[in-house]
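Start from chain P and add chain V according to the hints.
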Amino acid sequence: DTGVSQNPRHKITKRGQNVTFRCDPISEHNRLYWYRQTLGQGPEFLTYFQNEAQLEKSRLLSDRFSAERPKGSFSTLEIQRTEQGDSAMYLCASSLARPASGPHTDTQYFGPGTRLTVL
Amino acid sequence: GQQVMQIPQYQHVQEGEDFTTYCNSSTTLSNIQWYKQRPGGHPVFLIQLVKSGEVKKQKRLTFQFGEAKKNSSLHITATQTTDVGTYFCAPRREGGSEKLVFGKGMKLTVNP
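Line order of the protein sequences matches chains P and V.
Position 104 of the first sequence, counting from 1, maps to 104 under the working numbering, and the rest follow consecutively.
Position in the second sequence (from 1) plus 119 gives the number in the working numbering.
In isolation and in its complexed conformation, chain P is listed as follows (with noise of 0.2 Å):
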């Protein structure tokens, strides 16, 4: 499979804990994106990386949150002392941005997801 993949693919937690996420981009994309949906709701953007450089962070990035994309790769995503509210879907999506062709014209690709639950 050369989609993207996210592990693990559901994340059960009490209240308080750490977890991390990761996610596989699609080999040659140089650009990774992490995203949070609710029921009901769209993605929303939380971060993004272009190779292992984390261009933008959402404010609705706490401090709790980090992500990381060392080797411009696969990247990882930590909540630290998770609360209910965290609960939700995290997505990643990555792309291939060519400067050539312009500002706004990756096609963004989505993994399964992980399903994050917090009791």
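No wet-lab data here; the hints were simulated from the structure.
Be aware that a few hints might be false.
In silico lysine-lysine, BS3-like type, Cα no more than 27 Å apart, as pairs [what the hints assert, rightly or not]:
1) K178(V) / K189(V)
2) K155(V) / K11(P)
3) K57(P) / K189(V)
4) K57(P) / K176(V)
5) K57(P) / K14(P)
6) K11(P) / K223(V)
7) K189(V) / K155(V)
8) K223(V) / K176(V)
9) K226(V) / K178(V)
10) K57(P) / K223(V)
Frame of chain P, contents of chain V only:
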């Protein structure tokens, strides 16, 4: 901030009917992407519209970008049960960041 409104939020149609969903933005858009999410699934890319007034077709789906690049529509003809899901528009604001700003989506159910 950028506001995106999709209407209607819910649509229930009889199999074979046509329908249209609309996406309206408060700001001028650079481009707009449409995604479909099946129940229990993840968003799947459908199309990207870039030019003012652009119209693109995918089989029974017709996508249009408004002349002012502030709105877009998706028209489905002869709906089938396989069309069931939530359709999201995801625009990018002119001069804005690379992130997609999703609307709440339009949830389609089809009566066979």
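Structure-based check of each hint:
Restraint check for K178(V) and K189(V): satisfied, since their Cα atoms lie roughly 25 Å apart, inside the 27 Å limit. This hinted pair checks out: K155(V) and K11(P) have alpha carbons roughly 25 Å apart, not beyond 27 Å. Simply put, K57(P) and K189(V) have alpha-carbon atoms about 25 Å apart, close enough for the 27 Å limit, and the pair holds. Restraint check for K57(P) and K176(V): not satisfied, since their Cα atoms lie roughly 35 Å apart, outside the 27 Å limit.
Using a Cα cut-off of 27 Å, the hinted pair K57(P) and K14(P) holds, with the two alpha carbons roughly 26 Å apart. Only pairs whose Cα atoms come within 27 Å are accepted, and K11(P) paired with K223(V) is accepted, the gap being roughly 25 Å. Simply put, K189(V) and K155(V) have alpha-carbon atoms about 21 Å apart, close enough for the 27 Å limit, and the pair holds. Distance check on the hinted pair: K223(V) and K176(V) sit about 23 Å apart at the alpha-carbon level, within 27 Å; holds.
Of the pairs offered as hints, the one joining K226(V) and K178(V) holds, with about 20 Å between alpha carbons and a cut-off of 27 Å not exceeded. Between K57(P) and K223(V) the CA atoms are separated by roughly 21 Å; this keeps the pair inside 27 Å, and the hint holds.
Against the hints set out earlier in the document, a violation occurs for number 4 only.
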